[in-house]
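Enquirer: Just so you know, the sequences run in chain order D and Z. Letter by letter, the first sequence follows residues 1 to 439 in our numbering. Letter by letter, the second sequence follows residues 1001 to 1290 in our numbering.
Calculated from the structure, these hints are not laboratory results. Careful, some of the hints might be misleading.
[As the list claims (entries may be wrong)] Per the computed footprint, the stretches of chain Z lying under chain D, defined by three or more beta-carbons under 8 Å from a beta-carbon of chain D, are:
{"no.": "1", "region": "1042-1050"}
{"no.": "2", "region": "1136-1150"}
{"no.": "3", "region": "1230-1239"}
Each residue gets a CB set at the ideal place from its N, CA and C atoms; glycine is no exception.
The primary structure of each chain is shown beneath.
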Amino acid sequence: MKRLLTYLLVLFLPIILVACVSSNNSTSTEGTNDSQDNESTDTEQEDTQSADEPVELTYWYWADNSEYSNLMQDIIAEFNETNDKGITVIGEEYPWDGGGYSETLFTAAMGGGGPDVAAFKLTSTPLFTANNLLAKLDDYIDSWEDKDDIEENLYDIMKSASGTDNLYVMPWNTQVLYMYYRPSIFEEAGVEVPTTYEELLTAIEQTTMDTDGDGNTDIYGFGMRGATGGQEPWGSFIHGRGGDFEDMTSKEAIQGMQDFIDIYENGYAPPSATTDGFNEIIANFKSGKTAMTVHHTGSSAEMVETFGDDVSAFAFPEGVGQWTSMGDTNNVIFESTEHKEAAFEWVSYLATGKGQEDWTIATGNVPVSTRVQEMDHFQNDEFMKASIEGVPFAGILPIKDTTTEWISTIWPNTTASALLGEITAEDAMQQLHESLHEE
Amino acid sequence: MRRKNINIWPYLLVLPALLIVTFVVFIPVIEAIFMSFQSYDLRRPDKIAYLGFRNFADMFSDPIFWLAFKNTIIWVVFGVGLQFLFGFILALLLNQSFRGRGIIRAVSLIPWATPGVLIGLMWKWIYDGNYGVLNDLLIKLGLLDQGITFLSQTSTAFGSVIVTIIWQGIPFFAIMILAGLQVISREMYEAADIDGASKLQKLIHITIPSLKNVIIITILLRIIWVSNSVDIIHNMTGGGPSYSTQTLSVYIFNKATVLDLGYSSSMALFLMFMLAMVAVPYLKNAFKER
């Protein structure tokens, strides 16, 4: 019995000690808690009265390369220095990782460790709004002096993405896909810039060349993207035949898929196309292995750096239908942030302020601010011109709760099966339709 | 009557570790078991409900699941089997006396010490159809006219990733078997020499039986690790093209990352039972006293 009591004493002694220490800590941190309480009171005041208390915001973003990474840090530094509301933005960069960024952001937000503001893709909207993670921006935008500087249709696209009448996403910049091509290869092949979908298919065939006569293809007509992200240029082929995403089993959509398969099977695209992603299509184009590839203005600077004048662009040409993918990069404010008004200051700086100019000029993305669009820099750029030509028929994939999985695994694997001849175009389109539109 | 004296010290000492394991392992596993019986899909949070065995029924009628299951068997049999074979050969070689043995032993450990993500990226570039060093070598040796797109064709992709996991696992087998080799008594070999045993006879009758327990535990550990391995396949192919490299663990990972946690949990539960079915009888028989 005596021994048992000794053991119990040994067991409880540390607990008692820990309790004493905790008690001391709670006493000593009462002051801190008080200050936190004061801060939250101040926050409430800030939200209602715009008091200029110092506010710290965490901002998550991704950057396609180290140059853009530095650029964003510079924009943040300038905002922190110039805003007169005591707002300090702390930029935290995460890799895009083929869409993995959105998953990381979601997991962090669900776990309570997310940022106050984040760069965001529209496709993730239903997931985030279904879990009540995003702040509604309607009231902020209605009373915002720059509201009309952004096209109304952009707000509409943002609203449609959430499936509600509310606005949760603040436009920042867009990327309209177009076709890059090499004028010297076109000249060598005797091909003009295609003005119709049929001419494009012919140009892809004719620019596929064996330049050294060894019997092997040296230049492929089209840098096809079969990995995640390839659904965007693929969509242009589907629409080129008159198909659409609402009914992918239509004969027009199947014919578009057949065109896509034929390009691969006939050897007009590199054999690695089934798994080629962004890095591969850009590397193939820059090394002269492909004559054409689809991307947006985000790559134009490095293309010009590589080829000088020997690279140009055209909007995806019209067939029975015409479509190109409008990529988007936006910003969201999280419902959990205590500083929504300060957060809106920051996202509006990126949407129409100096941040919009700096980011879009350096990255070559299409500005959402009409004031910035009208600047000479954008009016005189041939890649921007191809983007702007694509705007009237640009669109996005239907945003459903199935879209993320459809993009990340279903589209690449189903399309690879079709390209490799394991399933027909019809079967592939049936599978793609069912998996995107399943309830 | 003398009262039984209970010594609580062992329980006290085990308690912290037990608490950590409970929170880090047991509770998440139990949660995953509950999720596997629900439509726990965070893309549709309003539709989360108890489903009974529906996830399992869906799983057994899912052709991609069966393809992943078949791939897992191939992945484990060839991956672990060839790791063992080459690891054994390497261990026998490293057990010989030769100049620079210490350096060779250290260098041979590099694949095992390299993170799986890095191995995936490295081999992805080695295999690259346009710029990969493997194609470059084969073309320069005159064995190929044009590069092979190893990871882009269903016929070559899975074999290519299996070679990668074999490369990674050989040192682990080698080092474990080497440790086992070094505790085998020299006297047994000397006695065999006196009896006129050949090298092969010594291998079959002395070396392999003496290494039995090491081999069993190493193979078992590798079966579990390789079955659960995601990093290499995920980084090299993501499970494609056309699901040809998708094992069960990669399928579970892909489903979990699109937040279909119910379905991925049910597959994870299935994989856990499959591994338990292999591990438990294997260990039971292997260590049974004869």
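Enquirer: None of the hints should be skipped; say for each whether it holds.
Expert: Here is how each hint holds up against the structure:
1. 1042-1050: Since three or more residues must qualify, the claim that chain D covers the region 1042-1050 of chain Z holds, with 5 doing so at under 8 Å.
2. 1136-1150: holds (count 3)
3. 1230-1239: Contact hint for the region 1230-1239 of chain Z vs chain D: holds, 3 residues under 8 Å.
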